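Use the sequences and the hints to build the structure in full.
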Amino acid sequence: MTTRVLLNLVHPIFEKSWANQAMLEAVKDLKYVKVNDLYEEYPDYFIDIQREQKLLLDHALIVFQHPFYWYSSPSLLKEWQDLVLAEGFAYGEGGYQLAGRRWLSAITAGAAEDSYTPHGFNNFSADELLRPFEQTADFCGMEFVKPFVLYEAETLSHSRIEKEAERYRDYIQGLATSLGLLEQSEEEAS
Amino acid sequence: MEEAGFLYQALVFLLAAVVGVPIAKQLGLGSVLGYLIAGIIIGPFALGLVGQDVTDIMHFAEFGVVMMLFLIGLELQPKKLWKMRMPILGLGGLQVVITMVLLTLLALAFDLHWKMALAIGMILALSSTAIVLQTLSEKDLLRTDAGKSAFSVLLFQDIAVIPMLTLLPLLATLPVETSQSVGHTDLEAWQQAGLVFAIISGIILIGRYLVRPIFNWIARTGLREIFIATSLLLVLSITVAMQKVGLSPALGAFLAGVVLAESEYRHELEVGLVTFKSLLLGLFFITVGASINLELLMQSPGLILLLLVSLIAIKIIVLMILAKQFKMSLIENMLFSFALAQGGEFAFVLFSFASQNGVLSNDIISLLTVVVALSMALTPVLLIICEKLIIPRLSFGKERREFDKVDDGETPVIVAGYGRFGQIVSRILRSQGFDTTLLEYDAVQIDLVKKFGTKAYYGDVTNEEVLRAAGADDAKMMVIAVGNQEKTLKVIDLCHKHFPHLKIYSRAKGRREAYEQTKAGADFVMRETLGSAVILGREALMGLGYRKYQAHRTATAFYHYDSQHLEELAELWGDKQYVIKAAERAEMLEAVLKADQKDSNAMRRAWNTPVSLEEEESDASELDDNAKGRQSGSEAKEQPEEKS
Numbered sequence: 035m036t037t038r039v040l041l042n043l044v045h046p047i048f049e050k051s052w053a054n055q056a057m058l059e060a061v062k063d064l065k066y067v068k069v070n071d072l073y074e075e076y077p078d079y080f081i082d083i084q085r086e087q088k089l090l091l092d093h094a095l096i097v098f099q100h101p102f103y104w105y106s107s108p109s110l111l112k113e114w115q116d117l118v119l120a121e122g123f124a125y126g127e128g129g130y131q132l133a134g135r136r137w138l139s140a141i142t143a144g145a146a147e148d149s150y151t152p153h154g155f156n157n158f159s160a161d162e163l164l165r166p167f168e169q170t171a172d173f174c175g176m177e178f179v180k181p182f183v184l185y186e187a188e189t190l191s192h193s194r195i196e197k198e199a200e201r202y203r204d205y206i207q208g209l210a211t212s213l214g215l216l217e218q219s220e221e222e223a224s
Numbered sequence: 002m003e004e005a006g007f008l009y010q011a012l013v014f015l016l017a018a019v020v021g022v023p024i025a026k027q028l029g030l031g032s033v034l035g036y037l038i039a040g041i042i043i044g045p046f047a048l049g050l051v052g053q054d055v056t057d058i059m060h061f062a063e064f065g066v067v068m069m070l071f072l073i074g075l076e077l078q079p080k081k082l083w084k085m086r087m088p089i090l091g092l093g094g095l096q097v098v099i100t101m102v103l104l105t106l107l108a109l110a111f112d113l114h115w116k117m118a119l120a121i122g123m124i125l126a127l128s129s130t131a132i133v134l135q136t137l138s139e140k141d142l143l144r145t146d147a148g149k150s151a152f153s154v155l156l157f158q159d160i161a162v163i164p165m166l167t168l169l170p171l172l173a174t175l176p177v178e179t180s181q182s183v184g185h186t187d188l189e190a191w192q193q194a195g196l197v198f199a200i201i202s203g204i205i206l207i208g209r210y211l212v213r214p215i216f217n218w219i220a221r222t223g224l225r226e227i228f229i230a231t232s233l234l235l236v237l238s239i240t241v242a243m244q245k246v247g248l249s250p251a252l253g254a255f256l257a258g259v260v261l262a263e264s265e266y267r268h269e270l271e272v273g274l275v276t277f278k279s280l281l282l283g284l285f286f287i288t289v290g291a292s293i294n295l296e297l298l299m300q301s302p303g304l305i306l307l308l309l310v311s312l313i314a315i316k317i318i319v320l321m322i323l324a325k326q327f328k329m330s331l332i333e334n335m336l337f338s339f340a341l342a343q344g345g346e347f348a349f350v351l352f353s354f355a356s357q358n359g360v361l362s363n364d365i366i367s368l369l370t371v372v373v374a375l376s377m378a379l380t381p382v383l384l385i386i387c388e389k390l391i392i393p394r395l396s397f398g399k400e401r402r403e404f405d406k407v408d409d410g411e412t413p414v415i416v417a418g419y420g421r422f423g424q425i426v427s428r429i430l431r432s433q434g435f436d437t438t439l440l441e442y443d444a445v446q447i448d449l450v451k452k453f454g455t456k457a458y459y460g461d462v463t464n465e466e467v468l469r470a471a472g473a474d475d476a477k478m479m480v481i482a483v484g485n486q487e488k489t490l491k492v493i494d495l496c497h498k499h500f501p502h503l504k505i506y507s508r509a510k511g512r513r514e515a516y517e518q519t520k521a522g523a524d525f526v527m528r529e530t531l532g533s534a535v536i537l538g539r540e541a542l543m544g545l546g547y548r549k550y551q552a553h554r555t556a557t558a559f560y561h562y563d564s565q566h567l568e569e570l571a572e573l574w575g576d577k578q579y580v581i582k583a584a585e586r587a588e589m590l591e592a593v594l595k596a597d598q599k600d601s602n603a604m605r606r607a608w609n610t611p612v613s614l615e616e617e618e619s620d621a622s623e624l625d626d627n628a629k630g631r632q633s634g635s636e637a638k639e640q641p642e643e644k645s
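Order-wise, the sequence lines are chains A and B. Heads up, the first sequence is in our numbering, so the first residue is 35 and it goes up one at a time. Heads up, the second sequence is in our numbering, so the first residue is 2 and it goes up one at a time.
Heads up, a few of these hints could be off.
Distance windows between CB atoms, simulated [said to hold, decoys possible]:
(1) Asn-464(B) x Leu-91(A): 51 to 61 Å
(2) Asp-82(A) x Glu-572(B): 44 to 54 Å
(3) Asp-82(A) x Tyr-210(B): 55 to 65 Å
(4) Tyr-79(A) x Tyr-210(B): 46 to 56 Å
(5) Arg-548(B) x Lys-180(A): 33 to 43 Å
(6) Ser-432(B) x Pro-152(A): 38 to 48 Å
(7) Asp-82(A) x Gly-511(B): 52 to 62 Å
(8) Pro-152(A) x Glu-569(B): 56 to 66 Å
(9) Glu-59(A) x Pro-393(B): 53 to 63 Å
(10) Gln-565(B) x Asp-148(A): 48 to 58 Å
(11) Ala-534(B) x Pro-152(A): 48 to 58 Å
(12) Lys-112(A) x Met-543(B): 15 to 25 Å
(13) Glu-487(B) x Glu-188(A): 50 to 60 Å
(14) Val-580(B) x Glu-188(A): 50 to 60 Å
Treat the hints as calculated values from the structure; they're not laboratory data. Treat the numbers as computed from the prediction; the structure is a model and nothing was measured. For every residue, glycine included, the Cβ atom is placed at its ideal position computed from N, Cα and C.
What follows is the structure, given as structure tokens:
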């Protein structure tokens with residue numbers, strides 16, 4: 035059955051990222067969240083395609099949590115996309131097995147929000163810059179939900195980061211509720 | 002009887018030890034008490050099995066005390082010793098002086114001449130290094146604050162023996178005996194001083210510049226017994242040299258130990274000598290027991306009891322006050338004070354010295370010898386009382402405090418075998434700031450790596466004591482790269498038995514060894530050729546025209562699946578099912594690799610690469626075709642190689 039939330043964490047130096055740690059802390063104890071730490075799982079970039087595809091099939095909301103490296107993701111996520119979202123699985127003949135699942139990009143960005151505007155030095159909004167992910171999700175028949183972006187990840191105070199992490203938790207909980215995941219897992223628990 | 006004398010005596014002593022000590026251990030009394038009681042029983046005053054001349058044997062047995070101090074010296078690098086200078090001088094100095102004064106006053110109360118009283122005060126102020134250290138180490142208390150303080154005091158006492166030996170002859174009131182004496186020389190004072198200086202600097206210089214090359218040379222021969230013989234020779238030479246000039250041999254040996262503490266042979270020396278030390282110490286304790294004059298005890302039990310109680314009481318009170326001044330916790334204070342409240346083995350030496358110099362009469366000496374021996378015999382009993390009765394009451398039902406760990410720079414990782422393999426592992430770990438303790442059994446190899454500024458210790462890693470000495474108790478991980486299956490399995494076994502907290506990362510030659518090691522309990526086994534073979538396979542694929550990424554991915558996939566299968570198959574090793582399963586897995590692996598190759602082709606196809614599915618799956622010539630196709634892109638580069 036398709037259930038629950040898969041959180042693909044993609045951070046090569048997670049141990050140094052306060053923001054990503056706080057975000058993970060905030061959601062990892064939710065019963066219906068399964069954390070899949072890609073850099074921990076595949077330090078040599080050797081991705082177990084079958085494992086990853088099975089994980090995707092087992093979950094309804096797929097979260098990709100990563101820093102916004104060069105307006106995109108760390109390289110391992112790209113490798114993951116290239117190998118896991120293969121023809122015959124994610125699209126094409128015998129494909130579209132992920133159709134209907136939700137895709138959430140959860141990004142930590144170093145710069146402030148107002149730099150991601152036509153007049154800021156990043157020129158484009160985060161949503162615009164995330165278009166390749168949006169289109170990838172669409173190509174696979176997945177629904178790309180509104181991305182979660184944590185700005186100023188390196189400079190925010192601890193307490194602000196905690197607040198952002200709470201916002202992240204609320205957002206995921208909200209999405210899970212709308213998908214009926216919450217009721218499901220509560221039913222299972224009872 | 003005379004002919005069979007030595008063997009007969011050895012028989013009696015060994016029998017006493019073998020029967021007495023296990024019984025005492027079973028009763029929870031500790032080995033020291035076992036030896037002492039065994040000594041009393043076989044002694045001249047009970048069964049009388051060892052004749053009357055126990056003192057001769059005691060002189061020989063004191064060699065055990067000397068070796069113990071040598072081994073303690075080995076544990077203490079000069080830096081650590083320097084750190085301890087405050088407790089040694091302060092605590093030790095005050096203990097000796099105050100106890101001496103009080104005991105002298107007590108002796109004066111018995112109407113003795115002041116010179117005699119002072120001599121007795123000095124001699125009885127000393128405690129027993131052998132009993133205290135052996136008992137504390139058996140109870141694992143040496144690393145506690147109490148243990149360390151006790152050690153400082155004992156060390157000061159050893160030093161204090163030197164001025165005592167020079168002072169005692171000045172206290173003579175009786176006619177001097179004319180026998181040749183231990184530690185007595187006919188030299189003038191200045192000659193004596195010069196000799197003392199010469200011998201001590203000799204020990205330091207020889208220890209630093211001569212002993213290491215000698216050990217190096219011996220170690221190269223690979224003859225273990227000669228290595229041990231050399232160690233014994235070293236300690237024995239120091240003992241004889243120190244006795245010749247009338248110094249404390251124990252102190253000399255301690256000094257030599259400190260000098261050698263930095264040496265790469267440290268661990269191996271410890272292991273070689275530790276058995277001898279224990280046996281000789283046992284012998285020493287037996288002789289102490291045997292020298293308790295039961296007749297004298299029967300004649301004047303009241304007086305002996307009074308002296309014994311006074312001696313112990315004065316010592317305990319002085320030690321308690323000092324411990325309080327030095328801010329020891331109450332429990333540490335109790336342990337420290339009870340541990341050191343006895344007369345010491347140096348008393349026996351000093352008594353005979355005092356007798357030869359006409360300081361004390363033989364009546365007094367035999368009386369006090371009984372008192373000192375009894376006080377030594379009581380030490381383990383006192384400690385048991387202290388631990389079982391007093392401390393539980395002090396701690397008010399609280400849990401017993403954890404022993405303090407001595408942070409003496411021990412490392413988180415021990416690498417056993419510093420050859421080609423161990424070096425790479427160690428260099429990677431060190432690059433990330435993890436210190437490694439390197440153990441190697443090949444002296445030539447040690448020399449070689451030393452030239453590059455790395456220090457490996459000489460030691461047999463299949464010996465529990467070597468591992469312990471290398472810090473296995475505190476380390477986190479053991480990397481076994483000795484390249485010998487039998488040894489590797491032994492080390493894994495040792496770690497499981499004695500250091501179960503250690504993670505074990507071991508190296509195996511091939512699959513079979515890897516199975517055995519996995520079964521023995523290694524946490525991670527690396528087949529030594531796997532990594533390099535996989536890389537060679539990868540290079541071979543590249544040589545056949547694969548692009549590097551595909552070659553890399555295939556090789557990595559092989560590595561991952563093969564390692565995974567190894568874990569699964571290890572359980573079946575030795576089972577009938579094994580061969581079938583192993584063949585199955587090998588087939589499966591190839592299939593998986595082929596499939597993976599197909600998958601990435603599928604990926605390529607998705608982006609409009611015009612290759613049809615049929616072509617790819619059709620036959621084995623696919624590889625050739627692909628290879629040719631790929632090669633064409635880099636023909637200019639490849640061609641010269643083909644020609645060569």
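Legend entry - Cβ separation of Tyr-79(A) and Tyr-210(B), checked against the hinted range 46 to 56 Å: Roughly 54 Å apart at Cβ, these two residues keep to the hinted range, so it holds.
Inset, instruction - Determine whether the Cβ-Cβ distance between Lys-112(A) and Met-543(B) falls within the hinted range of 15 to 25 Å. - result: For Met-543(B) against Lys-112(A), whose Cβ atoms are near 23 Å apart, the range 15 to 25 Å holds.
Legend entry - Glu-188(A) and Val-580(B) - C-beta distance against the hinted 50 to 60 Å: 57 Å, holds
Legend entry - Outcome for the supplied range 48 to 58 Å, where the beta carbon pair is Gln-565(B) and Asp-148(A): Given a distance of about 50 Å, which is inside 48 to 58 Å, the answer is holds.
Inset, instruction - Given the hint of 55 to 65 Å, check if Asp-82(A) and Tyr-210(B) actually sit that far apart at their C-beta atoms. - result: The hinted range 55 to 65 Å holds for Asp-82(A) and Tyr-210(B), with Cβ atoms some 60 Å apart.
Inset, instruction - Could you say whether the range 53 to 63 Å given as a hint is met by the Cβ separation of Glu-59(A) and Pro-393(B)? - result: For Glu-59(A) and Pro-393(B) the Cβ distance comes to about 44 Å; the hint is violated.
Inset, instruction - Take a look at whether the Cβ-Cβ distance between Ala-534(B) and Pro-152(A) falls inside 48 to 58 Å. - result: 57 Å, holds
Legend entry - Range hint compliance [Cβ, Pro-152(A) to Glu-569(B), 56 to 66 Å]: Taking Cβ atoms as reference, Pro-152(A) and Glu-569(B) lie about 58 Å apart, which means the hint holds.
Legend entry - Glu-487(B) versus Glu-188(A) beta-carbon gap, inside 50 to 60 Å or not: 54 Å, holds
Inset, instruction - Evaluate the given range 44 to 54 Å for the C-beta pair formed by Asp-82(A) and Glu-572(B). - result: 22 Å, violated
Inset, instruction - Indicate whether the distance between the beta carbons of Ser-432(B) and Pro-152(A) respects the range 38 to 48 Å. - result: Hint holds: Cβ distance 47 Å, inside 38 to 48 Å.
Inset, instruction - Just tell me: holds or violated, for the beta carbon distance of Arg-548(B) and Lys-180(A) against 33 to 43 Å? - result: 40 Å, holds
When each numbered hint is compared with the structure, violations occur for hints 2, 7 and 9.
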